[in-house]
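Participant: If you want the building blocks of each chain, they are given just below.
Protein chains: 2
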Amino acid sequence: MKKNTLPDIKTQFSEWYLEVIAAAELSDQAPVRGCMVIRPYGYAIWEQIQKNLDERIKAQGYQNAAFPLLIPQSFINKEKEHVEGFAPEIAVVTHAGGDQLEEPLVIRPTSETMIHHMFSKWVHSWRDLPLKLNQWCSVVRWEKRSRPFLRTTEFWWHECHAAHATYEQAKQDIEQAHFGVYKKVLEDILAIPVISGKKTQSEMFAGATATYTHEAIMQDGKALQSATSHLLAPAFAEQFGISFQDETGTQAYPTLSSWGATTRLIGALIMVHGDQKGLILPPRIAPIQVMIVPIAKAETKEAVMQACENIHEQLKNKDIRVHIHNDDQSTPGAKFYYTELRGIPLRIEIGEKEARAQQATLANRVDGSKNVIAMSEITMAVQNKLEEIQQQLFDRALAMQQAYITDEDKLSEFGPRIDGSSGVAKTGWCGSKECEAQTKQYKMTIRCTLESQKHAHCCVCGKPSITDCIMAKSY
Amino acid sequence: MKKNTLPDIKTQFSEWYLEVIAAAELSDQAPVRGCMVIRPYGYAIWEQIQKNLDERIKAQGYQNAAFPLLIPQSFINKEKEHVEGFAPEIAVVTHAGGDQLEEPLVIRPTSETMIHHMFSKWVHSWRDLPLKLNQWCSVVRWEKRSRPFLRTTEFWWHECHAAHATYEQAKQDIEQAHFGVYKKVLEDILAIPVISGKKTQSEMFAGATATYTHEAIMQDGKALQSATSHLLAPAFAEQFGISFQDETGTQAYPTLSSWGATTRLIGALIMVHGDQKGLILPPRIAPIQVMIVPIAKAETKEAVMQACENIHEQLKNKDIRVHIHNDDQSTPGAKFYYTELRGIPLRIEIGEKEARAQQATLANRVDGSKNVIAMSEITMAVQNKLEEIQQQLFDRALAMQQAYITDEDKLSEFGPRIDGSSGVAKTGWCGSKECEAQTKQYKMTIRCTLESQKHAHCCVCGKPSITDCIMAKSY
Chain G
1 MKKNTLPDIK
11 TQFSEWYLEV
21 IAAAELSDQA
31 PVRGCMVIRP
41 YGYAIWEQIQ
51 KNLDERIKAQ
61 GYQNAAFPLL
71 IPQSFINKEK
81 EHVEGFAPEI
91 AVVTHAGGDQ
101 LEEPLVIRPT
111 SETMIHHMFS
121 KWVHSWRDLP
131 LKLNQWCSVV
141 RWEKRSRPFL
151 RTTEFWWHEC
161 HAAHATYEQA
171 KQDIEQAHFG
181 VYKKVLEDIL
191 AIPVISGKKT
201 QSEMFAGATA
211 TYTHEAIMQD
221 GKALQSATSH
231 LLAPAFAEQF
241 GISFQDETGT
251 QAYPTLSSWG
261 ATTRLIGALI
271 MVHGDQKGLI
281 LPPRIAPIQV
291 MIVPIAKAET
301 KEAVMQACEN
311 IHEQLKNKDI
321 RVHIHNDDQS
331 TPGAKFYYTE
341 LRGIPLRIEI
351 GEKEARAQQA
361 TLANRVDGSK
371 NVIAMSEITM
381 AVQNKLEEIQ
391 QQLFDRALAM
401 QQAYITDEDK
411 LSEFGPRIDG
421 SSGVAKTGWC
431 GSKECEAQTK
441 QYKMTIRCTL
451 ESQKHAHCCV
461 CGKPSITDCI
471 MAKSY
Chain C
1001 MKKNTLPDIK
1011 TQFSEWYLEV
1021 IAAAELSDQA
1031 PVRGCMVIRP
1041 YGYAIWEQIQ
1051 KNLDERIKAQ
1061 GYQNAAFPLL
1071 IPQSFINKEK
1081 EHVEGFAPEI
1091 AVVTHAGGDQ
1101 LEEPLVIRPT
1111 SETMIHHMFS
1121 KWVHSWRDLP
1131 LKLNQWCSVV
1141 RWEKRSRPFL
1151 RTTEFWWHEC
1161 HAAHATYEQA
1171 KQDIEQAHFG
1181 VYKKVLEDIL
1191 AIPVISGKKT
1201 QSEMFAGATA
1211 TYTHEAIMQD
1221 GKALQSATSH
1231 LLAPAFAEQF
1241 GISFQDETGT
1251 QAYPTLSSWG
1261 ATTRLIGALI
1271 MVHGDQKGLI
1281 LPPRIAPIQV
1291 MIVPIAKAET
1301 KEAVMQACEN
1311 IHEQLKNKDI
1321 RVHIHNDDQS
1331 TPGAKFYYTE
1341 LRGIPLRIEI
1351 GEKEARAQQA
1361 TLANRVDGSK
1371 NVIAMSEITM
1381 AVQNKLEEIQ
1391 QQLFDRALAM
1401 QQAYITDEDK
1411 LSEFGPRIDG
1421 SSGVAKTGWC
1431 GSKECEAQTK
1441 QYKMTIRCTL
1451 ESQKHAHCCV
1461 CGKPSITDCI
1471 MAKSY
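Line by line, the protein sequences are chains G and C. All residue numbers for the first sequence refer to my numbering, where the first residue is 1 and numbers rise by one. All residue numbers for the second sequence refer to my numbering, where the first residue is 1001 and numbers rise by one.
Read the hints as simulated data drawn from the structure, not as lab findings. In this text, a Cβ means the ideal position worked out from N, Cα and C, and glycines have one as well. Hints are not guaranteed to be accurate.
Stated by the list, open to error - Listed below are several chain G residues computed to face chain C (Cβ distance under 10 Å; list not exhaustive):
hint: 1; residue: 32
hint: 2; residue: 40
hint: 3; residue: 46
hint: 4; residue: 92
hint: 5; residue: 96
hint: 6; residue: 97
hint: 7; residue: 121
hint: 8; residue: 378
hint: 9; residue: 380
What the hints assert, rightly or not - Residues of chain G clear of chain C, computed beta-carbon distances all greater than 12 Å:
hint: 10; residue: 124
hint: 11; residue: 132
hint: 12; residue: 179
hint: 13; residue: 263
hint: 14; residue: 300
hint: 15; residue: 357
hint: 16; residue: 372
hint: 17; residue: 442
hint: 18; residue: 455
hint: 19; residue: 463
Between the sequences and the hints, there should be enough to build the whole structure, so can you do that?
Facilitator: Structure representation (C-alpha cells):
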C-alpha cells in the first residue's frame, strides 16, 4: 500500500497544495515559463464547472461565440486605463508566415477590445440590444511568479461581454450574473461560501467603473478573488465607436459590461475543502461521485464483482457518476488511498461478507464515517449521502470562514497580528487611497467593500467611515 | 418581407457560399488577416458537432486535457519533416512581459510536439499505455488566402493524441477512430457521405507514416478533406525521448498517433446541403430543429399563441430543439425567410384556422412539402419527419456525390474535362511521384488511395496500377 506522504496541511499549506496537485494528477508544469498542463482529472473537474456555468450563462440570455486569440496592438492601446493595466503582461507576436508583421499582434489577455470592435459592426439600433455573448477560451498574461490554477501565464476561463441600452439595464444584468450565476455556482455547487462586495478604485478591472467580486477564504486564512463582474467605463464604447439609435431616434452610446471566472476555481476547491489525505470534492462537482471498491480474494472474486456491478448499474441509471476500482494489481488499501487522495466524496466497499449478506459499506470522505446499507436500499442511501456530504462541506467551509473573520477597529492592532499569522478583518474605511495604501505594510489589501455598514470610523485615520470593508492577505 | 437575394448557387457557388455565411450570421471577418469570428448561430452548430464527437471520443477511452498554446520553437524543430511542413505557417511570439524572450515561442499549429514532450514525462512502463488524450482548442496556421470555415489562420478543432505499446495497437485504435468515430459522425449525424482512403506520401501529415482521410464531395464537384487520422513516424518518439519498459523488461519506443477534425465541418455542411434559399441543416446537428411560426392577426393572436406554446411544450419534453418565432415586428413571410435561410429543417405553421381545427402544418425545408397534422399526433409526426429529413439529406448528398464520380482510364482525357468544369475521377495509379505530379496541371490532386482495386493501369503512364485512387479539385 502506497503511504500518504503529503506535507502537513496546517504548517506547510503551500507545499501541501502543490503536492496534492501533483499526487492527484490535476496538473503538471509545462515547458513554457509560468504555464501549466491540465491533466485529465483536473480537466474533468473543469468540465463539471463549465457545465454548471454554461447552462446558467445561457439561461441569462447569453450566447456562445468564438473570437480570435490575436488582437491588433492598436486595439489594446485605445482605452487608456485598459492598456496601463495590461501592457506589462502582454505576449506579442511580431513574426508570422515567415515575415515580420506590419503591426504586432497581441495574444488576448482578455477580449474586451476585440469584442467591442465587433460590437461596433453589429450594433446600430436599440433593437440590436442587449447584445450578450460568452466565450470559453484561454488567455495569456505574462506572470513573473506562477502557482498552478491560481496564477498561470495561460489560464482557461469563460468571458461574458454585453452591450446594453442603458446603465440601469447593464447594472441589473451584471448583478444577476454576479449573484444569480456566480454566487449560486460558488455556494450551491462548489460548496464555497463567499464574501460578496465591490472592489475599490485601485483594485478594479482596468477600465471598469465598478467591479463586483466574490472573495473566498482559504484554509490558511488568505482570501481568493473567485469571480468578478464589471460595469465598463463609457470610454470603451466611445473609443470603439459603438453607438446606436435609441427609440426616440437619438444616437446614444450603450453601457458595456463583462464578467469572467477561471480555472482558478479549481485552486479554490483544493484550498477550501482539502485535508491531510488530499483533495475533497463536493458531490455536485466531483467527476467521480462514488468509487466502488471490491475487496476480494481469488475464490470470492466472482460474487464480489457481481455485487459491485449490480450497484454500478443501479447508480448509473440514476445519473450518479460512479466507477468501480477494479485494478487487480492494487490492494484494497491502495484503492482507498487512491480514492481519498482524489477527493471522491463517497466510497462503497464490497467484501465477501457484504456480498453474501446483500449489503454494502458506505464511507464518507469528509468525516470518515461508515454505514452498512442493505443492497436493496443502496440507490436512495447513496443519493441522500451525497446530498449530506455536499451540505457538510459547505457548513464546514462556512464555519472555517467565519472563524477567520473578526470585527476590527484599528489597523495598527489587527495589521501586525494578521501579518504575523492569518485572519480576515471586517472594519471601517474612510474611502481614501492613502488609508487604503497603509494596509500594504501588513501585506494586506482591501478585498472588497460591503453593502451593510456597522463600523463608524476608518480603521486607519479614525475619520468617519463611508463603508465597511474586508481586509486580508490574498492569493 | 425581406427578399432572398443570394447569388445563384449553380453558377456562382463561391459567392453563394460567402453570402449564405454572412446572411445566416454564421461568421464574420475579424480585424486580423485571415481570421474569423464565429457568431452565435455558427457556434451553436459547432457545439452540436463537439457534443457528437466528444461523447464518441470519450467512449473510445480518450480523456480530455488542456495543453499550452505556446510551444518553444526548438520543439517544432525537433522532428525534421514536421518542421518542414509547419515552419512557413507559424506565428512567433518574440516579446512578452515587456522583454524580448530568450527563446521565441510559437503559437501551436498543432500540438504533437508539446504533447509528446509531456508524454515523455508520463510514460515509463507498459502499464502507462495506451495513453489517450484529447484537446478542444484553436490553432494558428498563417494563411495567405482565407475562406471562412474552410481555411482560416485560426481555426477551432479537437486533436486526439495517443501513445501505444505496439504498432498494431496504434493501427487498430486509429482505424476505430477514423471509421468508428469520424465516418459515423460525418455520415450518420452530418448526413455527409464520404470517400474514405489514405493520403499519398506527398499529401500526408508532416511526420506521419500513414494518413487516413474522409473526402466529401461538395455541390460544385470539389473535394473537401473532412477529417484525418495519422500514424506517426518513429522519429517522434525517438526525438522526444518517449520510451517504456515492456512486459519483458526491455526498453521500447511506443507508436504515436493523432487525429483531428475542425470547424471546416461547418463549411462542409453548408456546401453539401445548402440550396438557393440558404443553409439546410440535418436534424441531428441543427441547433434549432423545429421553428414554430404563428400566423395571426391581432384578434386571433391569443388562440394562435396558445396553440404554438402547447406544441412548443410538447416537443421540448421530447428533447426536440424547438423555438417559436414570436417577433411581433416580422411578417409571416419574413419569418419563413428567416427559417429557410438558417436551414432549420422543419417549420410548423399555426394560423387561426389551424388553431381552431386543432391542427398544424409541417413544412419540410428540403423539398418544401407540407403536411397537415392533428395536434394530438404532433409529437410523433415531428419525430418521424425529422428522421425522414435526415435520411432525405443523406440520400440526396449521396446521389450528388455518385453523379460526380466517374471511372476513368486516362488523365489526358478526364483531366481537361474536370479542369474545365467539375468531377471526381476514380482511376488507377502506379504509385510514382512523377505521375502524381502530372495531376497538378489540371488543378487536381490525388485525394486518396482506395482499398479495393478495379483499374489495371496507371492513368498517367499506363504502367500497372498498384492502387485505385480518387482525383479531384479540392478546397
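Participant: For each hint, tell me whether it holds in the structure or not.
Facilitator: Hints, one by one, checked against the model:
About 5 Å separates the beta-carbon of residue 32(G) from the nearest beta-carbon of chain C, less than 10 Å, and the hint is met. A cut of 10 Å between beta carbons decides the hint on residue 40(G): the least distance to chain C is about 4 Å, and the hint holds. Annotation: interface hint on residue 46(G) holds; nearest CB of chain C at approximately 8 Å, less than 10 Å. Taking 10 Å as the C-beta cut-off, the interface hint given for residue 92(G) holds, the closest approach to chain C being about 4 Å.
Annotation: residue 96(G) was flagged as interfacial toward chain C, and the flag holds, the nearest CB pair being 4 Å apart, inside 10 Å. The interface hint given for residue 97(G) holds, since its Cβ lies 3 Å from the closest Cβ of chain C, which is under the 10 Å cut-off. A distance limit of 10 Å between C-beta atoms decides the matter here; for residue 121(G) the minimum to chain C is near 7 Å, and the interface restraint holds. Hint status for residue 378(G): violated, given a least beta-carbon distance of 26 Å to chain C, over 10 Å.
Hint status for residue 380(G) relative to chain C: violated, with the closest Cβ pair at about 26 Å, above 10 Å. Residue-level check passed: residue 124(G) sits 14 Å from the nearest beta carbon of chain C, beyond 12 Å. Look at residue 132(G): its CB is around 10 Å from the nearest CB on chain C, not clear of 12 Å, so calling it non-interface is violated. With a closest Cβ-Cβ approach of about 25 Å to chain C, residue 179(G) is found to remain outside the 12 Å limit, as its non-interface label requires.
At the 12 Å boundary, the C-beta of residue 263(G) falls inside the reach of chain C, the nearest C-beta of that chain being 8 Å off. Against chain C, the non-interface label of residue 300(G) holds: every CB pair exceeds 12 Å, the least being about 26 Å. Separation of residue 357(G) from chain C is adequate, the least Cβ-Cβ distance of about 35 Å exceeding the 12 Å criterion. Taking the minimum C-beta to C-beta distance to chain C, about 34 Å, the non-interface status of residue 372(G) holds against the 12 Å cut.
Under the 12 Å C-beta cut-off, the non-interface status given to residue 442(G) relative to chain C holds; the minimum distance is some 28 Å. The non-interface label for residue 455(G) is consistent with chain C: the shortest C-beta to C-beta separation is roughly 40 Å, beyond 12 Å. Annotated as non-interface, residue 463(G) keeps its C-beta farther than 12 Å from every C-beta of chain C; the closest such distance is 39 Å.
In summary, the numbered hints that this structure violates are 8, 9, 11, 13.
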